[in-house]
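Given chain A, put chain B in place with the hints provided.
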Amino acid sequence: QKEVEQDPGPLSVPEGAIVSLNCTYSNSAFQYFMWYRQYSRKGPELLMYTYSSGNKEDGRFTAQVDKSSKYISLFIRDSQPSDSATYLCARRGYGGSQGNLIFGKGTKLSVKP
Amino acid sequence: DGGITQSPKYLFRKEGQNVTLSCEQNLNHDAMYWYRQDPGQGLRLIYYSQIVNDFQKGDIAEGYSVSREKKESFPLTVTSAQKNPTAFYLCASRPQGGGTGANVLTFGAGSRLTVL
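As given, the protein sequences belong to chains A and B, one line each in that order. Using our numbering, the letters of the first sequence map in sequence onto residues 1 to 113. Using our numbering, the letters of the second sequence map in sequence onto residues 1001 to 1116.
With the rest of the complex left out, here is chain A (with noise of 0.2 Å):
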């Protein structure tokens, strides 16, 4: 139960732009999917859940699903220095570890003033 694929960056904006943030996964059975922030030498706080297809918004942050390609991704609206941080993606696993999170590398992400 393996590849989540994710582009590590570094991606770096400037204030008040767009991000895009991407994942590809291998398994169209997969549901469940996570977007993780993590500051530096701190542990990744939970950003989105997602089930199936479609969007998700939570204020300037929107998480997306497209089965048909495999592919999931985070948009950020009106990025903030305050963003900079390394965001991972993830997946549930299933059959006897569904409890378990597959994570992506990671994407470290820089937002300038």
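Check before you lean on any hint, since a few could be wrong.
[Claimed, not checked] Think about it this way: if two alpha-carbon atoms lie no more than 30 Å apart in a straight line, the pair counts; the simulated DSSO-like pairs of lysine-lysine are: (1) B:LYS1071 - A:LYS108; (2) A:LYS112 - A:LYS56; (3) B:LYS1070 - A:LYS42; (4) A:LYS42 - A:LYS56.
Just so you know, the hints here were simulated from the structure itself, not pulled from any lab data. All of these numbers come straight from a predicted model, not from anything done at the bench.
Positioned in the frame of chain A, the structure of chain B alone reads:
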């Protein structure tokens, strides 16, 4: 406040020494996890436990050991057999059962181990 406490935050070890990282949670979660994080490698699962007195190996269990004698506690021992132990170690937990919460891990702040 409910959460996960990891200690120590920073730890230095000489080669050949065993060290134990502490993880305590007061979230009443059943399942607990240990991940290792290296630059450019993402999070890799070391061990996990879904119930007291039971645990399973993850993807990179060699050189590590755990115990789960209490629901609240899941200590990780990094043994001298671990060839490259310098890393950031993260403990996490989640409730069992159905519902959204069972799919989401809550993480501690991490412990950074450096082998000298």
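ask   = Does B:LYS1070 pair with A:LYS42 here, judged by a C-alpha cut-off of 30 Å?
value = Satisfied, since the Cα-Cα distance of roughly 25 Å is no more than 30 Å.
ask   = Does A:LYS42 pair with A:LYS56 here, judged by a C-alpha cut-off of 30 Å?
value = Cα-Cα ~26 Å, so holds.
inquiry  = Hint check: B:LYS1071 vs A:LYS108, CA-CA at most 30 Å. Holds or violated?
reply    = 34 Å, violated
key: Hint consistency between A:LYS112 and A:LYS56 [alpha-carbon to alpha-carbon, up to 30 Å]   = 26 Å, holds
The structure fails to meet hint 1 from the earlier list, while all remaining hints are met.
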